[in-house]
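Turn these sequences into a full structure, and let the hints steer you where they fit.
Given next are the chains, with one letter for each unit.
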Amino acid sequence: MVASILVNGLVYSGVYAMLALGFGLVFGVGRVLNLAHTAFYMVAAYGIFYFASTGFGLPLAVILTTLGVVAVGITLYKLFIEPVREIEATVLIATLAVAVLFQELVLVFFGNEPRHVPPALSGFTQVIGVRVGNQEMVTLVVAALSLIGAWFLLSKTKLGLAIRAAAQDREVANLMGINVNRVTSIVMGLGLLLAALAGIAVAPLFTVEPGMWMNPLVIVLAAVVLGGLGSLKGSLVGSVILAFAEVLVVFLVPGGSYLRTAIALLIMVCVFFIRPEGLFGSSIAEER
Amino acid sequence: MYYVRYLLRYLQNEILVLPSRVVVLVFVASLLAFPLLSQDPNLLRMFILTALFSLYAVSWDLLSGYTGQISLGHALFFGLGAYASALLSSHLDLPPYATIPAGAAVATLAGLLVGIPCLRLRRHYLALATLAFPIMLTGLVLAFPGFSGGEGGIWRIARLTTTRVHEYYLIVGVMLGAVFALWRIVGSRVGLIFHSIREDETAARALGINTVRYKLFAFALSGFTAGVAGALYAHSSAARIVAPGVVLSLFMSFQPVIWTIFGGAATIYGPITGVFVLYPLLDTLNVVIPRYRMLVFALLVLLIVRFMPHGLTTWLRDTIERVCPSCRVRNIATRRVCRACSAELRRTQP
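Protein chains in written order, with this note's numbering: chain A, 1 to 288; chain B, 1001 to 1350.
Think of the hints as simulated: they come from the structure by calculation, not from any bench.
Fair warning: this is a prediction, and the values are worked out from it, not measured in the lab.
Note that beta-carbon positions come from the ideal geometry of N, C-alpha and C, so glycine has one too.
Treat the hints loosely; a few may be bogus.
Stretches of chain A that chain B covers, calculated by requiring three or more beta carbons in the stretch to come under 8 Å of a beta carbon on chain B [what the hints assert, rightly or not]:
hint	region
1	68-74
2	82-91
3	99-105
4	110-117
5	210-223
Have a look at the derived ranges for each label pair, beta carbon to beta carbon [as the list claims (entries may be wrong)]:
hint	chain 1	residue 1	chain 2	residue 2	range
6	B	Asn1210	A	Glu88	34 to 42 Å
7	B	Ile1015	A	Leu159	57 to 65 Å
8	B	Thr1284	A	Gly211	21 to 29 Å
Here it is as structure tokens:
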């Protein structure tokens, strides 16, 4: 029981953290509240399902899926989101329309029935006396590697410096000679890459269905605001908290699978009562 | 006789001079005359739902378009209105004219209760906190299936009226009356204050406006309107079932946002146009190409917001009408001089 809570909690944490990091970056730099973010995660899961069933090798399938998702996402961003980026409510609707568009495309091509992707590694391993599925291990490793990679990119490279500067203050970053629009596109690509990897990593664990983007979207939004919009550390901590809250409710409360999202969101609202700017967010007075 | 002449003069001088006002007049008249032309139950059903949803969309516009408090969980108010009246109707056998005000009252109270904690939250935080409420209510509904009907929802709710035409007139009447009342409210000083809160809340406060009171008022009014729509929905023959998967779903929360932004935010007629264009369209697509209906719908919404980011009606209005540069009176775009002050209207607006 404790072991499965721990393993499931870690898997969910990793997935939500990948999604929340990308979402938070895109919001921080581009000021785009991207409701289509988890739709790309869904598309990636279907991509890996498609390529796995047509018999490409696993590495090729992963590369094709990731490249496809990033290319499609960037194209849609350039075509539909960037021209209306300044108008908040319109961005909301445009990204939502993109999400619904993907859901419907997937419905048309793959149908409504839930799909399953064969695991990359089957079987179990004993870790400190606990049986852990190999696929869970793979998912955790992928999540850990992508998060470490993102952290390295953000904190150790010049591009990361530019991204952080643009996230902190778009106008001043622009004045300092950073091509803010290009940085925004790069960040969009990075967010899409993380979403695609998350989708690929969980496809063998979860059922793949057209509506699978809704629940993660709610949790990711909650995690990002729980941690404080614009704070990357915050969105990671928020994802971990919400993931464990969800898993605990599912395992410990009878009928918990109905309540899991509700409880996670209740935690978010309770945090708002105490700290309206989220756990690690800058307070309103500082924000411009 | 005097009043008839006054009315005619008013019609000629104030309504027929502007195409947008003519459109509103024609719209209201055709809405009221519609059952005389056709009594097809499916069409009536579609228009009943369209009227209900326009009320719902207007309530979102009031809170989010005018006051700028973007709510992504508006289904909470609609769902509470629907659930409260459905529960009262099925558990206590109260008649619709008692349950609908009760549903609206519950939604108003919810508006206040949600509004008070949300006063501390700004912009995106508010949007995402409100997103949580209908999902939490869904959790509650599913946790007590014996009382609330659970996932299957509540069936066999008392009908509003005996025939569908009566119901059509009742709902369209309520919709037009409520929209007119709201239009008067937002056209008054209160509406101006709502605009000022959206544009710059700090500045509004500095001018001595009690923004807290007005924001709460906007929450309560919006909750009330959405609650009326939800309660009517629960009793209408078009729905007759109240289930969390419909009235509390994420899509139900996003729909008024889509309609309002599509039609044009912070105008009362924008959301109504949005609903009256998009809802029948979706219904028709459902008949013609059921497989691709949402696909076409999403694509259309995407294209409209791409090329008319401020909404359809705002774009149309700016195309066919022009504001006089000296006295701010609206004129039809074909006029050379202003109808009020005879100032020259420039061909191209800067």
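(request) Against the structure, test the hints numbered earlier, and report the numbers of the ones violated in rising order. (result) 1, 4, 6
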